[in-house]
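Engineer: Residue-level listing of the chains:
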Amino acid sequence: MTSSMTPGIAANRLGQDELANNFADLHMPLQPHEVKVAADRCYFCHDAPCVTACPTDIDIPLFIRQISTGTPEAAAKTIFDMNILGGMCARVCPTEELCEQVCVREVAEGKPVEIGRLQRHATDTLMAQDAHPYKRAASTGKKIAIVGAGPAGLSCGHRLAMLGNEVMIYDANPKAGGLNEYGIAAYKSTNDFAQSEVDWLKSIGGITIENGQGLGRDIHLDQLASDFDAIFLSVGLSGVNALAIDGSEKDGVQDAVKFINDLRQSNDLATIPIGRNVVVIGGGMTAVDAAVQSKLLGAEQVTIAYRRGRDAMSASRYEQDLAASHGVKLLFNAQPNAVLGNGAATAVEFEYTAQNAGKLSGTGEMIQIAADQVFSAIGQTLNADVDLKLEGRKIAITGAGRTSRAGVWAGGDCASGGNDLTVTAVAEGRDAAMDIHETLMGAA
Amino acid sequence: MADLTTDFLGIKSPNPFWLASAPPTDKEYNVRRAFEAGWGGVVWKTLGSDGPPVVNVNGPRYGVIHGADRRVLGLNNIELITDRPLDVNLAEITRVKKDYPDRALIVSLMVPCEEEAWKEVLPKVEATGADGIELNFGCPHGMSERGMGAAVGQVPEYIEMVTRWCKKYYSKPVIVKLTPNITDIRAPAEAAKRGGADAVSLINTINSIVSVDLDAMCPEPSIDGKGTHGGYCGPAVKPIAMSMVSEIARAPATAGFPISGIGGVTTWRDAAEYITLGCGNVQVCTAAMTYGFKVVQEMISGLSQWMDEKGHTSIQDFMGAAVPNTTDWQYLNLNYVAKASINQNDCISCGRCFAACEDTSHQAIAMSDDRKFSVVDAECVACNLCVEVCPVEGCITMVPQTAGSVDPRTGQTVDGSYANWTTHPNNPGACAAE
Numbered sequence: 001m002t003s004s005m006t007p008g009i010a011a012n013r014l015g016q017d018e019l020a021n022n023f024a025d026l027h028m029p030l031q032p033h034e035v036k037v038a039a040d041r042c043y044f045c046h047d048a049p050c051v052t053a054c055p056t057d058i059d060i061p062l063f064i065r066q067i068s069t070g071t072p073e074a075a076a077k078t079i080f081d082m083n084i085l086g087g088m089c090a091r092v093c094p095t096e097e098l099c100e101q102v103c104v105r106e107v108a109e110g111k112p113v114e115i116g117r118l119q120r121h122a123t124d125t126l127m128a129q130d131a132h133p134y135k136r137a138a139s140t141g142k143k144i145a146i147v148g149a150g151p152a153g154l155s156c157g158h159r160l161a162m163l164g165n166e167v168m169i170y171d172a173n174p175k176a177g178g179l180n181e182y183g184i185a186a187y188k189s190t191n192d193f194a195q196s197e198v199d200w201l202k203s204i205g206g207i208t209i210e211n212g213q214g215l216g217r218d219i220h221l222d223q224l225a226s227d228f229d230a231i232f233l234s235v236g237l238s239g240v241n242a243l244a245i246d247g248s249e250k251d252g253v254q255d256a257v258k259f260i261n262d263l264r265q266s267n268d269l270a271t272i273p274i275g276r277n278v279v280v281i282g283g284g285m286t287a288v289d290a291a292v293q294s295k296l297l298g299a300e301q302v303t304i305a306y307r308r309g310r311d312a313m314s315a316s317r318y319e320q321d322l323a324a325s326h327g328v329k330l331l332f333n334a335q336p337n338a339v340l341g342n343g344a345a346t347a348v349e350f351e352y353t354a355q356n357a358g359k360l361s362g363t364g365e366m367i368q369i370a371a372d373q374v375f376s377a378i379g380q381t382l383n384a385d386v387d388l389k390l391e392g393r394k395i396a397i398t399g400a401g402r403t404s405r406a407g408v409w410a411g412g413d414c415a416s417g418g419n420d421l422t423v424t425a426v427a428e429g430r431d432a433a434m435d436i437h438e439t440l441m442g443a444a
Numbered sequence: 001m002a003d004l005t006t007d008f009l010g011i012k013s014p015n016p017f018w019l020a021s022a023p024p025t026d027k028e029y030n031v032r033r034a035f036e037a038g039w040g041g042v043v044w045k046t047l048g049s050d051g052p053p054v055v056n057v058n059g060p061r062y063g064v065i066h067g068a069d070r071r072v073l074g075l076n077n078i079e080l081i082t083d084r085p086l087d088v089n090l091a092e093i094t095r096v097k098k099d100y101p102d103r104a105l106i107v108s109l110m111v112p113c114e115e116e117a118w119k120e121v122l123p124k125v126e127a128t129g130a131d132g133i134e135l136n137f138g139c140p141h142g143m144s145e146r147g148m149g150a151a152v153g154q155v156p157e158y159i160e161m162v163t164r165w166c167k168k169y170y171s172k173p174v175i176v177k178l179t180p181n182i183t184d185i186r187a188p189a190e191a192a193k194r195g196g197a198d199a200v201s202l203i204n205t206i207n208s209i210v211s212v213d214l215d216a217m218c219p220e221p222s223i224d225g226k227g228t229h230g231g232y233c234g235p236a237v238k239p240i241a242m243s244m245v246s247e248i249a250r251a252p253a254t255a256g257f258p259i260s261g262i263g264g265v266t267t268w269r270d271a272a273e274y275i276t277l278g279c280g281n282v283q284v285c286t287a288a289m290t291y292g293f294k295v296v297q298e299m300i301s302g303l304s305q306w307m308d309e310k311g312h313t314s315i316q317d318f319m320g321a322a323v324p325n326t327t328d329w330q331y332l333n334l335n336y337v338a339k340a341s342i343n344q345n346d347c348i349s350c351g352r353c354f355a356a357c358e359d360t361s362h363q364a365i366a367m368s369d370d371r372k373f374s375v376v377d378a379e380c381v382a383c384n385l386c387v388e389v390c391p392v393e394g395c396i397t398m399v400p401q402t403a404g405s406v407d408p409r410t411g412q413t414v415d416g417s418y419a420n421w422t423t424h425p426n427n428p429g430a431c432a433a434e
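As you go down the protein sequences, you meet chains Z and P in turn. Mapping to the numbering used here: the first sequence position 173 is 173, numbers consecutive. Mapping to the numbering used here: the second sequence position 180 is 180, numbers consecutive.
Because the hints were derived from the structure by calculation, they are not lab data. A couple of the hints might just be wrong.
As the list claims (entries may be wrong) - So the derived list for chain Z, only partly shown, Cβ under 10 Å to chain P, looks like this: (1) Val37; (2) Phe44; (3) His46; (4) Asp47; (5) Ala48; (6) Ser68; (7) Arg105; (8) Glu109; (9) Gly212; (10) Gly214; (11) Asp218.
On a predicted model such as this, the values are computed, not experimentally measured, just so you know. All residues carry an ideal CB built from backbone N, CA and C; glycine is no exception.
Pulled out of the complex, with its shape left as it was, chain Z reads as follows (with noise of 0.2 Å):
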């Protein structure tokens, strides 16, 4: 019988009621009486700060005083006018250092009123219905292409085909949702949501998804530039950063991504082999979705390794007490040297870091962590051949997503600005679509 102490890497380290409990949702969603409860500490804040904080400006208390009147379908309206992604936004956003994070109650109180929770109870409520909440304005006989359904992808094509345009979206994946269906960690989108979003926003109809396009391989933006009237990119960062040290070749050194995405998609999680001993490294959102999903399945030592302080690590405090909570160790301040191991990995070494002049470098003083499986989480970057001007490694973009060529906006994770979030990606998605409306129709 494999077990947590099965040795190297292994399937089936965890039952199926234990796997079904452990990648049940993060989150619960709020019953009847909790959002009662929940909602009546809103103080329906004037200019509410977390308004402000939300990058898709949703009108918290108003959908919250609309769910506390017995009208949370009036409340998702509220949402989704703002943020069609309402619904995976109320399960994956880091509400912790957004609206909960400002809510003048946590400012009082400590505790902020449940905003990710609320949200959820009014989107799912509405999208549980059958009527799709909005109809499309008179056909414009534009046509817009858009490269990549995940979140800015598809808030872009909802935007405009609600305001009259069809919309082609190609997806280099066999499936729509980007991030969403396949980079997220399984507890934070569960009952295959990221599909049923999809095609509950895709029912308002003029939006046609082509699986398996992949930019630069099966479509070109020259071909797209002269068959649709605007272009928008949001093709993400599907290229990963390689872990150049030694013995990085060995067995069962993998990137984080693949991992996290391979769970997604697995229809049977005591399939997935996972490690005894686990080693993350890196320290953002995806460091923590792959230690903390390994340890779901079962590994019994994990530990995220980051070679900088807590301070610097993207992932949340909160986040990183989630992966605590699960057991994750935290490393700081240690930078990888080598894999070693005879053929596979057995364990990662380690040199501490210190700030030198505002220069990170070894101390010399070294650590062994075991490691029958590495993954690495240290970044993704764009990886598209695209002739437009680049900012950085991404694409750059001015105003409301427009890039260096007219008639191509480009918009989330591949463009400049922004902070990675599927919420931003949101944002930035319907506003570009708002732009090459305008644009399109001589208003702009």
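Since the structure of chain Z is provided, determine the placement of chain P on it from the hints.
Structural biologist: What follows is chain P alone, placed relative to chain Z:
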């Protein structure tokens, strides 16, 4: 420790907290539980004449206005007087009084407005050994349609007449319970006094429809698709009741007349407030119906602690203490100037004070880009709205301006002397003393 015992009309009770005549006091079982929980007195649920008892509806009797977190703010009922036989109630009252001689036990009564009816029932009540009677002239639903309850309480002459009968056929204290469903509470209070009543108790419930079922298009509580007005009580009615109590306490004709205060008493503080307005005790119903009889323990401990802190050794020490400070608007000091002040350390930046003042009042609160809220003294009229809408108690306060300082709103120097509307130059009725 402060002495909470009260002597109301010669009726002694260990504390001023009585249960009002209402569903909680309908029968021996409940009343015994109430006394065991510590209630100082009970007004037994209203008895009617001998004979077939009244009947109640067999559907819902209550409706409620809820506050945040389903706090009961106001309760409405369409229950009638006791629906149990008179002799059963009388036997129970006799037993309970015998077992709890130290508690006040008052019998509420409502019989037809005929002398014979009262003459018949009163000796039976007297025989129970109960400490007094309370005349239910207030019940606003059902019984009033039959010429009783509020139908009597709304006609001062009837009040006086029935009170006289009671004093004639009953030897112990007679309390007249007043309905608030009238225009001037002083008239029925004076009538009760003229009729020889020993005290008044108020208020009975207020005519009310608490909600409408928007599917059935029917007021609630709904009985098979129809609704009727009920009687409203609970915290929501306390302000109305206290105003009426104060009017009786202040009126020359009734000043000093014993009052039992009723209406929304939920905590010790409510009780203390009623007593300062001239009440000798208070009666409670909704708080008990919401939380059970144990709430009296908080009332007792709270009142006792507050009295100790203030140095009051008995209820008498502060009874009526707020009456002299209850006056008419025209006697308020128009030279008194205050300004709102926001404690920035307590402020949680919700901005409700700003929204309220900017949208609905005097544009006297400024908001900075970083959400700091401050009072604009040049616009502030000290209306108190910001104080009341602020979620943080004590964050915004009203600060009196010192005499000699200049009010930036009017440009006038604050006058430390007292001056009211009666002598104000803008008052067309003001006449100079010549």
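Engineer: A separate judgement is required for each hint: does it hold in the structure or not?
Structural biologist: Comparing the hints with the structure gives:
Because the beta carbon of valine 37/Z sits about 6 Å from the nearest beta carbon in chain P, less than 10 Å, this interface hint is met. Interface hint status for phenylalanine 44/Z: upheld, as the beta-carbon distance to the closest one in chain P is roughly 7 Å, under 10 Å. The beta carbon of histidine 46/Z comes within 3 Å of a beta carbon in chain P, closer than 10 Å, and the hint placing it at the interface holds. Residue-level restraint check for aspartate 47/Z holds (minimum Cβ-Cβ distance to chain P is 6 Å; threshold 10 Å).
With a least beta-carbon distance of about 7 Å to chain P, the hint placing alanine 48/Z at the interface is held under the 10 Å criterion. Among the interface hints, the one on serine 68/Z holds; its C-beta lies about 9 Å from the nearest C-beta in chain P, closer than the 10 Å criterion. With a cut of 10 Å, the hint placing arginine 105/Z at the interface with chain P holds, because the nearest CB-to-CB distance is about 8 Å. Because the smallest distance between the Cβ of glutamate 109/Z and any Cβ of chain P comes to about 9 Å, under 10 Å, the interface hint for this residue holds.
For glycine 212/Z, the suggested interface contact is broken, since its CB lies about 49 Å from the closest CB of chain P, more than 10 Å. The interface hint given for glycine 214/Z is broken, as the beta carbon of that residue sits about 46 Å from the closest beta carbon of chain P, more than 10 Å. Hint status for aspartate 218/Z relative to chain P: violated, with the closest Cβ pair at about 49 Å, above 10 Å.
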